[in-house]
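Enquirer: Below, each chain spelled out in residue letters.
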Amino acid sequence: MSWRLQALLLTAALASLASGCGSGLSTKATIAIHYSRFEPGAVTVPAGVPVTITLRNDDPIEHEWIVGTEQVHEAHRVGTEPVHTSRPTEVTVPALSTRVTTVTLDEPGEFAYICHLPGHEAYGMVGTLRVEEG
Amino acid sequence: MRRFVATLAVVVGVAAGALIAHPGLADACAGLIGSDGAVNLGRTTTLAGYSDGVEHYVTAFEFQGGGGEFGALIPLPGVPAKVERGGDWTLQRLQLETQRAEAFDDNLAAPARGALTKAVVLQEVRIDALDLTVLEGGGASVATWANEHDFRLSPDAPEVLDFYAQRSPIFLAAVFDGAAAAERGQQLGDGTPVHITMPTDNPWVPLRILGLGKQPDDLIQADVFLLTDEQPALLPAPSAGLTLSHDDPATKLLLDDLRSDAGMGWVPRSAWLTKLEVNSSAGDLRYDLAVDTSGLDRPSPVAAGLELPDVAPDAESAATVLWAAIAALAALLVAIVAVRRLQPGTQRV
Chain A
3 MSWRLQALLL TAALASLASG CGSGLSTKAT IAIHYSRFEP GAVTVPAGVP VTITLRNDDP
63 IEHEWIVGTE QVHEAHRVGT EPVHTSRPTE VTVPALSTRV TTVTLDEPGE FAYICHLPGH
123 EAYGMVGTLR VEEG
Chain B
217 MRRFVATLAV VVGVAAGALI AHPGLADACA GLIGSDGAVN LGRTTTLAGY SDGVEHYVTA
277 FEFQGGGGEF GALIPLPGVP AKVERGGDWT LQRLQLETQR AEAFDDNLAA PARGALTKAV
337 VLQEVRIDAL DLTVLEGGGA SVATWANEHD FRLSPDAPEV LDFYAQRSPI FLAAVFDGAA
397 AAERGQQLGD GTPVHITMPT DNPWVPLRIL GLGKQPDDLI QADVFLLTDE QPALLPAPSA
457 GLTLSHDDPA TKLLLDDLRS DAGMGWVPRS AWLTKLEVNS SAGDLRYDLA VDTSGLDRPS
517 PVAAGLELPD VAPDAESAAT VLWAAIAALA ALLVAIVAVR RLQPGTQRV
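Listed in order, the protein sequences are those of chains A and B. For the first sequence, the positions run 3 to 136 when this note's numbering is used. For the second sequence, the positions run 217 to 565 when this note's numbering is used.
Only chain A is shown next, with the shape it has when bound in the complex:
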């Protein structure tokens, strides 16, 4: 194998690695929760395909990750559902644990993800899920 070919393969491998780590259109994302903040505060995913989101709660207290329209969030601001387990867009993440959910968002747009436990949204537990054409 010539050195040019090796360099080309190396370049391709690095590009692939960079794509996996930083592309806005990845179908996988990890959102950490630390000191009651979402990290990162914004994630971009492709529309119309399943996206696997890993939610890692580094805090010793429970949190929620709820993504949706303003209507969805308004309902949760006054809701009383204690634990969210049945909808992939609404996930309870217990203290010091990880949950994985797979969501498919068909339409491009921006959707907030918020923790609706008392006081958490006001404290700043708000992020943005950007959905773009794949």
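Think of the hints as simulated: they come from the structure by calculation, not from any bench. Treat each hint with caution, since some may be false.
[Unchecked claim] If you only want the chain A side, here are some residues facing chain B, beta carbon under 10 Å, derived:
| id | residue |
| --- | --- |
| 1 | 37 |
| 2 | 41 |
| 3 | 56 |
| 4 | 61 |
| 5 | 64 |
[Unchecked claim] Taking CB as the label site, the calculated pair distances span:
| id | chain 1 | residue 1 | chain 2 | residue 2 | range |
| --- | --- | --- | --- | --- | --- |
| 6 | A | 28 | B | 513 | 30 to 40 Å |
| 7 | B | 472 | A | 82 | 36 to 46 Å |
| 8 | A | 104 | B | 500 | 38 to 48 Å |
C-beta: ideal position from N, C-alpha, C; glycine also.
Keeping the supplied structure of chain A fixed, place chain B upon it in accordance with the hints.
Expert: Quick look at chain B alone, frame taken from chain A:
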């Protein structure tokens, strides 16, 4: 969610302690949120005392009414040797002393001088309707203990508990049993005084904990009394949100009165009385009070929460660093070999 909601937040009660001579010092407080999630805002009073390497911290928890439980966490600079019922009127006597001073003293506005392990229960004490538990552990383990005991922690709790655990792993959890208080005939606003005796060479007064569970714009108000052998040096220096309202030698009459209260026999024959008033937004109250009575005028920035303590890396961290260094070295060697092989004209043997 029908989990009991008792949040760590701001202490609405009275704390008394006194700081007496010796290098460094400070005291503490804590906070309360009711089971309905409402924060009970009130003025907190604290007295901390330090003498012969022992800090005396006396606080009182006010009965706020209702039948539920209220919880509070107080960070402590050391492991208590004793947790007991406090004097009956020490705090009121101190307020009286400084109010009288205000009436006659024109110099009150004088400028100021400069990885999760389980929490270990060290001590459990019941005083009237108060259940007090002394815990040792990191921020996460203390929070986990609180969760397991049906406290609902406010969203700022993880950061605030870590803030304290970096300096001391000791916390006092206080749970006020409202039903028991009602059965005992306690009236709204009645306080249960608690006296904590702690041998420590690093006393400090936690102030940031007063803002736990509050919104950034919420006003935090507290009176902090220090009783020290010498005139103390303070950090941070008094400012707009932390004003110095009394700064004089304690009178013999005051010291005699304090000494005659229950459990206050430790009060020395002579001392310096300092009163600080906290009037700050929760967002601005991100520090504690470090006090130095050594005469060196060097209150600790670490004790004040303004700097992180120096932490020696543990064995696990050291091993991680070592392996990372070995891996980096190996990667470098591989890269060098690869580059040499790719260089045109390089002869292979």
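Enquirer: Out of the numbered hints, which ones does the structure contradict?
Expert: 2, 3, 6, 7
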